[in-house]
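Asks: Residue numbers (the numbering used here), protein chains in the order written: chain A, 91 to 254; chain B, 423 to 562.
Errors might be hidden in some of the hints.
Said to hold, decoys possible - Distance condition first, Cα-Cα at most 25 Å in a straight line; then the derived DSS-like pairs of lysine-lysine:
1. A/Lys-178 to B/Lys-437
2. A/Lys-245 to B/Lys-437
3. B/Lys-518 to A/Lys-228
4. A/Lys-94 to B/Lys-540
5. A/Lys-224 to B/Lys-437
6. A/Lys-228 to B/Lys-540
To be verified - Some but not every residue of chain B turned toward chain A, in silico, with C-beta under 8 Å:
7. Gln-427
8. Tyr-443
9. Trp-464
10. Thr-488
11. Gly-535
12. Arg-557
To be verified - According to the in silico footprint, chain B covers these stretches of chain A (three or more CB under 8 Å from chain B):
13. 149 to 159
14. 178 to 189
Since the hints were made in silico from the structure, they are not lab data.
Think of the CB as a built atom: it goes at the ideal place given N, C-alpha and C, for glycine as much as any other residue.
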Amino acid sequence: MDRKQERTIEWECQKVLRLYYQHVDQREYEKAANLFTPDIEWQALGVQLNGREELLKGLVAGLAEGTIAHVITNTVVDVIDETHAVSKSYNSDYYVPGARVEDGDGPLPFEGPHRLEDNYTELVLTDEGWLISKRDVKVIFRRSSGPVALESWAKEEGKEVSAK
Amino acid sequence: MDEEQRLAIEWDCQKVLRQYYHLMDQRNYDDAVNLFAEDVNWQIMGLDLHGREAVRNAFGGLTDSTIRHVLTNTIVDVIDEDHVDATSYVTIYVEKGFPDDGPIPFEGPNRLGANIDKMVRTDEGWRIAYRGGQRAFARD
């Protein structure tokens, strides 16, 4: 594979990552889940979700009642071969729980990002295009506050929530 | 140089700039410094350093803290096939402690500034030959 082919893959994979956050931030959770492989291994905020169906439940439970904007930066995609790639990014997450911006008549008050995360992602080329097959999110910085909706939901579901 | 070549250079240089901060933030200073040209001139943070060794010796001061450099607004201007200029914003988050046992409490970014880079094509790939810039905002 030459560098030109690699650049094309890097571009397409970056687009998938950005599209994912566009969908979740716009509450298009099914479209977001369909950017993952059916056997996706997903971990964020110490919550492990496996498979598209469980991921979709987690996205709805974690995000539907609040407002969030995932600002993705520093994305580096490294191509492994024609059908596999890995990427690293940072996420600055702006988050207000329990309030949907579209239900009010103006912006929600905020004090800056709620958390900053390291993202590691594996992508594979499928018949549906490039999809995310593994996602691991490590929270580096976080505002002092209570658990977010995803963490509360996971505990209610009896899932183990690790300190990530 | 045609449009396709120009876009390819812009893409590859952006990747180097992003890769640099991943390496720095993971404390992989030896690999990070290799993304500079051998005769790099570093003029930022009040320093005027020349050469990789001098820059490498300046790294590693944050022994008790965790830092993330959030790189945005990057524009790469291609001068010719072997030279580019680039500008970016860097938003810096730095707090004492390490995230191994859980997230580190924070109140937002500590600094925001602009980077001005000159890059050259070398046998090792695109490398940063000059780094300058200005820190515009600081919260410390």
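Asks: Now tell me if each hint is right for this structure.
Replies: For each hint, the structure was consulted:
no., hint, verdict
1, A/Lys-178 to B/Lys-437, "holds (11 Å)"
2, A/Lys-245 to B/Lys-437, "violated (39 Å)"
3, B/Lys-518 to A/Lys-228, "holds (17 Å)"
4, A/Lys-94 to B/Lys-540, "holds (23 Å)"
5, A/Lys-224 to B/Lys-437, "holds (22 Å)"
6, A/Lys-228 to B/Lys-540, "violated (33 Å)"
7, Gln-427, "violated (10 Å)"
8, Tyr-443, "holds (6 Å)"
9, Trp-464, "violated (20 Å)"
10, Thr-488, "holds (6 Å)"
11, Gly-535, "violated (15 Å)"
12, Arg-557, "violated (18 Å)"
13, 149 to 159, "violated (count 0)"
14, 178 to 189, "holds (count 3)"
When the structure is compared with the earlier hints, violations turn up for hints 2, 6, 7, 9, 11, 12, 13 and for no others.
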